Amino acid sequence: MKNRVRELRTAREWSQAKFGDALGVSRQTINAIEKGRYDPSLPLAFKLAALFEQSIEELFEPEVASKTVRPAAKAPQ
Amino acid sequence: MVAYLVLIFGIGFLVDFETAGNWKYLVALLPLLPIIYGARAIARSLGRSDEMGKQIQLEGMSAGFGAAMLAALTLAFLAMAGMNSEQLGPWLVFGVGMTTWGFHTIAGARRVA
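If you read the protein sequences in the order shown, they are chains A and B. Position one of the first sequence corresponds to residue 1 (the working numbering), numbered consecutively onward. Position one of the second sequence corresponds to residue 1001 (the working numbering), numbered consecutively onward.
Hints are computed from structural coordinates only; laboratory data are not their basis. If you're wondering where the values come from, they're calculated on a predicted model, not measured in any experiment. Please note that a few of the clues may not be correct.
Said to hold, decoys possible - Listed below are the simulated SDA-like cross-link pairs for lysine to any residue, each with C-alpha atoms no more than 25 Å apart in a straight line:
no.	chain 1	residue 1	chain 2	residue 2
1	A	LYS2	A	LEU44
2	A	LYS35	B	LYS1024
3	A	LYS35	B	PHE1103
4	A	LYS35	B	PHE1013
5	A	LYS18	A	LEU59
6	A	LYS2	B	LYS1054
7	A	LYS18	B	VAL1002
8	B	LYS1054	A	ASP21
9	A	LYS47	B	GLY1053
10	A	LYS35	B	THR1105
11	A	LYS47	B	LYS1054
12	A	LYS2	A	LEU42
13	B	LYS1054	A	ARG12
14	A	LYS47	A	PRO76
15	B	LYS1054	A	GLN28
16	B	LYS1054	A	SER41
17	A	LYS35	B	ILE1036
18	B	LYS1054	B	VAL1002
19	B	LYS1054	A	SER26
20	A	LYS47	A	GLU61
21	A	LYS2	A	LYS18
22	B	LYS1024	B	ILE1036
23	A	LYS47	B	LEU1058
24	A	LYS2	B	GLU1059
25	B	LYS1054	A	MET1
26	B	LYS1024	B	LEU1058
Given these sequences and hints, build the entire structure.
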């Protein structure tokens, strides 16, 4: 999943290790999240959002699904 | 590690399992003690890992479990057909399970690196 974690982390001049310590995860996990190779769990995503003072939706960009989800048809009245 | 391997393979030379009494079963199980210690260490390491580390390890373990079960079933069906795998069977199951666990864990770690 694309995200702005690296952009926001480097803007604050935090190292991956320091950032990981603040979140209680390893540097490797931070690196994997920034590269989009690992999607964090919901609690971790909330911690990230709180640390950057942003919403989860502002941090993470979900991948577009191949099939469009159509809203359920309304019953005739 | 070398001492452990010597113990595993040397026990057959130290003890005559053909003629020894029932204590031979206790001697045969001695190599399990360090393995139990190793299993505790793996469980502690898993507990200390973060969420991504746990996911990689658990995916590797589940792949190893699945491979071991498949190997065991394969040997069971072959035994039904008359194939004798009494000596090789347990070691084959262990080897397939451990190898799959190892390779799957390494692949998982490289995927996120």
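Quick rundown of the hints versus the structure:
1. LYS2(A) <-> LEU44(A): The given pair, whose Cα atoms are some 16 Å apart, holds under the 25 Å limit.
2. LYS35(A) <-> LYS1024(B): violated, 55 Å
3. LYS35(A) <-> PHE1103(B): holds, 23 Å
4. LYS35(A) <-> PHE1013(B): At roughly 54 Å apart (the allowed maximum being 25 Å), PHE1013(B) and LYS35(A) break the hint.
5. LYS18(A) <-> LEU59(A): holds, 19 Å
6. LYS2(A) <-> LYS1054(B): holds, 22 Å
7. LYS18(A) <-> VAL1002(B): violated, 39 Å
8. LYS1054(B) <-> ASP21(A): Answer holds: LYS1054(B) to ASP21(A) is near 17 Å, not above 25 Å.
9. LYS47(A) <-> GLY1053(B): The hint holds at about 18 Å.
10. LYS35(A) <-> THR1105(B): holds, 20 Å
11. LYS47(A) <-> LYS1054(B): holds, 18 Å
12. LYS2(A) <-> LEU42(A): holds, 16 Å
13. LYS1054(B) <-> ARG12(A): Violated, at about 29 Å.
14. LYS47(A) <-> PRO76(A): violated, 45 Å
15. LYS1054(B) <-> GLN28(A): holds, 13 Å
16. LYS1054(B) <-> SER41(A): Holds, because 12 Å separates the two Cα atoms, which is no more than 25 Å.
17. LYS35(A) <-> ILE1036(B): Since the Cα atoms of LYS35(A) and ILE1036(B) sit roughly 38 Å apart, the hinted pair is violated (cutoff 25 Å).
18. LYS1054(B) <-> VAL1002(B): violated, 30 Å
19. LYS1054(B) <-> SER26(A): holds, 12 Å
20. LYS47(A) <-> GLU61(A): holds, 17 Å
21. LYS2(A) <-> LYS18(A): Since the Cα atoms of LYS2(A) and LYS18(A) sit roughly 22 Å apart, the hinted pair holds (cutoff 25 Å).
22. LYS1024(B) <-> ILE1036(B): holds, 20 Å
23. LYS47(A) <-> LEU1058(B): With Cα atoms ~23 Å apart, LYS47(A) and LEU1058(B) stay inside 25 Å; holds.
24. LYS2(A) <-> GLU1059(B): holds, 23 Å
25. LYS1054(B) <-> MET1(A): Holds, at about 20 Å.
26. LYS1024(B) <-> LEU1058(B): violated, 36 Å
Consistency with the previously given hints fails for numbers 2, 4, 7, 13, 14, 17, 18 and 26, ordered from lowest to highest.
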